[in-house]
Amino acid sequence: MKKHLNDAQKKEYAYYLSLVSSVLNGTEPQLPYENCNLDHIRRISNDTRMDAIFDEAIIMLSKKFSVSAELLSYAKKDLNHWIYVDTMMKYEIESLLKCFDKEQIYNLPMKGYFLKNDYPNPFDRSIADYDVLFEIKDIEKIKVLFNKNGYKFLKNDSQQYHFTKQPFMYIEMHCSLLKKNNKNYAFFENQLERAKVRDGYSFSKEMSLEDYYIYMLLHSAKHFSEGGIGIRMIADEYVFYKKYADKLDWAYLDDCFKQCGIQIFEKKLRDISLKWFSKGSEVKDFDDVEEYILLSMTLGRLDVAVMSEMERRRVNTETGRKKSRFVNFISSLFPNKTYMANNYSFVEKMPILLPYSWVCMWCRRIFIDRNINIKKGFNNRTSYTDDDVSYFTYIQKEVGFDVK
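If you're matching positions, the sequence shown starts at 21 in this note's numbering and goes up one per residue.
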């Protein structure tokens, strides 16, 4: 598990953050430092899925600095690509929401749908999919609606249904905001009822700003505690806080943060976002939590996610004892009933079918998803050290999370 950046990488990330800040605040980008390799900076933008922001920064930078013709041409073409993708995705999702209105299906778009509009330009915030909350009683109507609009139903689990449409539409329909085994499940259990209908729609709703912020933080906390969060989520925090801080009920939020166990986490993310992106800020160094975020790409690192999941499974929640590494490795290949029931609900009703669910899982991964890398999977499960686990635990405690 890589824990720290070297000095050269710190300079690259610090300059990259300054470029992001210039776009978020509408200011002129800083000139590159001596011997700065802008191709390295571009790769950071690719890894963090903030390509359009980098493209805009390079185009602005070219007005006062000699950017290579190749890089400038790349930035212009790539920016046009992201504008096109954003335009098409916006058209598709709005068409669906109008169909939901016509069919009288209550829905609540989440996360990126609204967050994109808080950025200077909606195409600055790329998204891989749209998330929409719905009532489970409407699922058959929703399947028919998606089919009529050219979507293919992929799969579902106990919480969400997945639909896709070429070339780049992917929609996750959620029947709940959190899984039932999440300690904060009750907080958002009746969110669709609490939300208000949006202007211009009859059945599409939106959360209050406070509930939206809490959900955004809980989503970030989930990723942080599993495999990490990247720069993009810190940018999300910044643009939201910058736009809505004066409109939020902070007394209500503080109580909710305490209830949800994210009071320290929220303050840490807010402080980092202001340090990195406030107008005119110059980042000189990073603490351990910041480095963990910088090394986490977009939504965390696979090696860290596997390690954290393996260690969670090692602990017997009733006795507190840990399994041996070998037994835990075997268990990761053939998970227990609780884990499998998340994707195969029949296991909950008929535990005797647990072995059959393992067959289903591995057949799907091998023949349908085709996401098996035996060597990488083995290394991620076996190569981490006790020092890696201790460091991960330390990082989690720094933001107020209790890792057992």
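Keep in mind that the hints are not guaranteed to be accurate.
[Claimed, not checked] Computed list of lysine-lysine pairs in BS3-like fashion (alpha-carbon distance at most 30 Å, straight line):
(1) LYS242 with LYS157
(2) LYS343 with LYS304
(3) LYS84 with LYS118
(4) LYS97 with LYS161
(5) LYS97 with LYS157
(6) LYS110 with LYS203
(7) LYS199 with LYS342
(8) LYS83 with LYS118
(9) LYS22 with LYS157
[Claimed, not checked] Label pairs and their in silico Cβ distance ranges:
(10) ASN66 with ILE350: 32 to 38 Å
(11) GLY300 with ASN362: 34 to 40 Å
(12) SER351 with LEU51: 24 to 30 Å
(13) ASP406 with SER222: 33 to 39 Å
(14) ASP307 with ASP422: 19 to 25 Å
(15) ASN362 with ASP275: 42 to 48 Å
(16) THR47 with LYS122: 17 to 23 Å
(17) GLN186 with GLY281: 36 to 42 Å
(18) ILE350 with SER178: 23 to 29 Å
Read the hints as simulated data drawn from the structure, not as lab findings.
Yeah, the Cβ is synthetic: ideal placement off N, Cα and C, and Gly gets one too.
Tested hints:
Distance hint between LYS242 and LYS157 is fulfilled; the C-alpha atoms sit about 28 Å from each other, no more than 30 Å. Distance hint between LYS343 and LYS304 is unfulfilled; the C-alpha atoms sit about 43 Å from each other, more than 30 Å. Distance hint between LYS84 and LYS118 is unfulfilled; the C-alpha atoms sit about 45 Å from each other, more than 30 Å. With a C-alpha separation of about 40 Å, the suggested pair LYS97 and LYS161 falls outside the 30 Å cut-off, and the hint is violated.
For the given pair, LYS97 sits about 45 Å from LYS157 by alpha-carbon distance, which is inconsistent with the 30 Å threshold. Between LYS110 and LYS203 the CA atoms are separated by roughly 34 Å; this puts the pair beyond 30 Å, and the hint is violated. For the hint pairing LYS199 with LYS342, the CA-to-CA distance comes to about 25 Å; that is within 30 Å, so the pair holds. Simply put, LYS83 and LYS118 have alpha-carbon atoms about 42 Å apart, too far for the 30 Å limit, and the pair is violated.
With a CA separation close to 46 Å, the supplied pair LYS22 and LYS157 exceeds the 30 Å bound. The supplied range of 32 to 38 Å is met by ASN66 and ILE350, whose beta-carbon atoms lie about 37 Å from each other. At roughly 46 Å, the beta-carbon separation of GLY300 and ASN362 lies outside the given 34 to 40 Å, and the hint is violated. For the pair SER351 and LEU51, the supplied restraint of 24 to 30 Å is violated, since their beta-carbon distance comes to about 54 Å.
Under the hint 33 to 39 Å, the C-beta atoms of ASP406 and SER222, about 57 Å apart, miss the expected range. The hint said 19 to 25 Å for the Cβ distance between ASP307 and ASP422, and at roughly 20 Å that hint holds. The supplied range of 42 to 48 Å is broken by ASN362 and ASP275, whose beta-carbon atoms lie about 30 Å from each other. Range check, THR47 to LYS122: Cβ separation about 44 Å, and the 17 to 23 Å hint is violated.
With their beta carbons about 41 Å apart, GLN186 and GLY281 fall inside the hinted range of 36 to 42 Å. Separation of ILE350 from SER178 is about 25 Å and conforms to the stated range, judged on CB atoms against 23 to 29 Å.
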